[in-house]
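**Q** Can you build the whole structure from these sequences, using the hints too?
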Amino acid sequence: MFDNVYIQQRIEKAQTLREENLNPYRNDCEVSLDNKSFLEKFDTLKNLESDEKKDENSKVWVKGRVKFLRLMGKASFIKIEDEYAILQIYFSQNELGDLFKILKKNLEVGDIVNVYGFPFVTKTGELSLHALEFKILTKAIVPLPEKFHGLSDIELRYRQRYLDLIVNREVKETFRMRSAIVSHVRKFFENRGFLEVETPMLHPIPGGANARPFITHHNALDVERYLRIAPELYLKRLVVGGFEAVFEINRNFRNEGIDHSHNPEFSMIEFYWAYHTYHDLITLTKELFDYLLDSLNLPKQLPFGDMLIDFTQFSVMTYRESLAKIGNIDKDIIEDRDKLHAFLKQNNIKIEEGLSHDKLLSEAFDNFVESKLINPTFITEYPIEISPLARRNDTHSNIADRFEFFIGGRELANGFSELNDPLDQLERFKAQVAEKEKGDEEAQYMDEDYVWALGHGMPPTAGEGIGIDRLVMLLTNNKSIKDVLLFPAMKPVSENYNSITKEEQA
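For the sequence shown, the UniProt record's numbering begins at 1 and goes up steadily by one.
Worth double-checking, as some hints may not be accurate.
Unchecked claim - Straight-line C-alpha distance at most 20 Å; calculated PhoX-like pairs for lysine-lysine:
{"id": "1", "residue 1": "325", "residue 2": "339"}
{"id": "2", "residue 1": "331", "residue 2": "300"}
{"id": "3", "residue 1": "41", "residue 2": "54"}
{"id": "4", "residue 1": "79", "residue 2": "172"}
{"id": "5", "residue 1": "359", "residue 2": "438"}
To be verified - Here are the simulated distance ranges between beta carbons:
{"id": "6", "residue 1": "162", "residue 2": "446", "range": "43 to 49 Å"}
{"id": "7", "residue 1": "170", "residue 2": "439", "range": "43 to 49 Å"}
{"id": "8", "residue 1": "257", "residue 2": "493", "range": "16 to 22 Å"}
{"id": "9", "residue 1": "449", "residue 2": "332", "range": "41 to 47 Å"}
Hints are computed from structural coordinates only; laboratory data are not their basis.
It should be emphasised that the depicted structure is a prediction, and the values quoted were computed from it without experimental measurement.
Every residue, glycine too, gets a C-beta built ideally from N, C-alpha and C.
**A** Next up, the structure:
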């Protein structure tokens with residue numbers, strides 16, 4: 001693995017440090033300030049009128065990874081980076097003696113160091129640390145990508161995210177923002193009295209969404225188990241049990257395709273609110289976005305790729321209205337199954353023969369409407385057949401009390417008034433099983449235990465799921481889901497770890 005000539009040179013330098021009685025992998029780091037705090041605390045030194053802008057009485061320890069080296073005769077400059085900022089270090093033979101000579105020969109970009117000294121301002125006006133003591137904490141034996149070429153291979157960035165984080169500071173900021181988003185989402189629901197819960201990740205029956213599951217085997221019980229595709233049915237069991245407002249932030253797993261907006265494992269928040277309807281969820285979702293934009297200091301008009309999302313305007317329209325107004329499909333075509341089938345064929349949409357009217361409507365929506373929903377839009381009154389867990393509308397039996405929320409041309413949330421009639425739920429599960437027997441791998445399974453739970457009475461309830469990854473994409477202006485996942489799913493390749501060239505050396 002470490003056969004490359006440039007790596008071997010670094011390994012030899014690590015050995016040289018050992019021979020000088022300097023451990024290249026020390027465990028005695030001392031820290032007084034992180035780099036950002038150092039720069040903030042001593043920034044006033046720049047305003048001193050004296051020729052020597054320094055504070056020799058304020059000695060501190062700092063640490064970081066070497067990102068830049070300028071080694072000169074008897075004095076040198078390096079720049080070190082910790083999690084928060086980059087700091088310049090000045091060190092010389094006058095203070096370090098023989099150690100300076102050792103550092104000059106063996107210190108390299110990528111090494112992690114611990115330095116003690118006092119703040120001063122260079123002649124060029126840069127606040128820096130004047131080193132009095134210097135320790136190499138970790139010797140990096142693999143070179144970082146060269147500064148000017150950078151880490152431009154997008155595949156390598158995803159596969160070796162640790163390297164991406166070292167080289168590209170803006171990537172680190174994306175994941176810091178992700179953490180803040182999740183934290184604020186959690187606070188939003190806690191502040192409204194929702195209880196955070198944890199439900200199983202291994203399910204005896206996959207349910208809660210139409211998707212193909214990952215299958216595993218439980219050796220002790222000798223049974224098949226499924227990585228959860230959604231926590232929905234367990235969360236609604238909790239509502240049956242008397243918890244009136246619950247939420248869960250966790251991972252879901254779906255054994256399906258990978259593209260710019262889909263990853264086989266992804267994060268979601270699902271929440272359920274007893275004695276409320278999907279109309280209340282629409283209001284709650286608007287409030288959530290207002291809260292997030294304010295808490296994260298983001299503008300109400302937010303760039304997303306080449307789009308500008310206007311969060312001052314939230315639209316609501318029905319499924320069929322969107323097909324007519326956004327998709328520009330004639331109403332007589334929308335309402336006639338055969339005409340709709342012919343329309344899709346004429347527009348070269350690949351569809352299976354024998355699809356029901358509701359599923360043809362779904363195909364039309366996916367192909368002619370979704371990508372055009374740029375500003376925040378709630379689409380309501382979904383066809384009942386594609387909403388197997390949603391409550392049937394009291395007036396129109398072929399419509400579900402359901403919405404999906406779209407921003408930037410893609411779905412961000414799905415919510416509905418929950419189906420709490422156990423007999424209706426049983427029949428819909430049977431219909432899903434029939435679809436599965438016909439070859440629909442994404443149709444849902446029968447879950448008799450869940451139906452039995454509904455038989456004990458679930459209060460009128462509304463529930464919603466919001467994709468955390470897509471939410472982060474939106475709020476950080478990233479068009480690919482891989483850019484907001486620390487370790488996205490990737491096609492296996494044979495890594496050539498020794499392919500470092502001279503140009504890649506820092």
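**Q** All hints, please: hold or fail.
**A** Quick rundown of the hints versus the structure:
With a CA separation close to 18 Å, the supplied pair residue 325 and residue 339 stays within the 20 Å bound. The straight-line distance between the Cα atoms of residue 331 and residue 300 is roughly 35 Å, outside the 20 Å bound, and the hint therefore fails. A hinted pair counts as satisfied when its Cα atoms are at most 20 Å apart, and residue 41 with residue 54 qualifies at roughly 13 Å. A C-alpha spacing of about 18 Å is found between residue 79 and residue 172, which places the hinted pair at or below 20 Å, so the restraint holds.
Distance restraint check for residue 359 and residue 438: the Cα-Cα separation of roughly 15 Å lies within the 20 Å cut-off, and the hinted pair is therefore satisfied. A hinted range of 43 to 49 Å holds for the C-beta pair residue 162 and residue 446, which are about 44 Å apart. Take residue 170 and residue 439: their Cβ atoms lie about 46 Å apart, and the range 43 to 49 Å holds. Distance hint check for residue 257 and residue 493: the Cβ-Cβ separation is about 19 Å, which falls inside the suggested range of 16 to 22 Å.
At roughly 45 Å, the beta-carbon separation of residue 449 and residue 332 lies within the given 41 to 47 Å, and the hint holds.
Violated hint: 2 only; the structure is consistent with all others.
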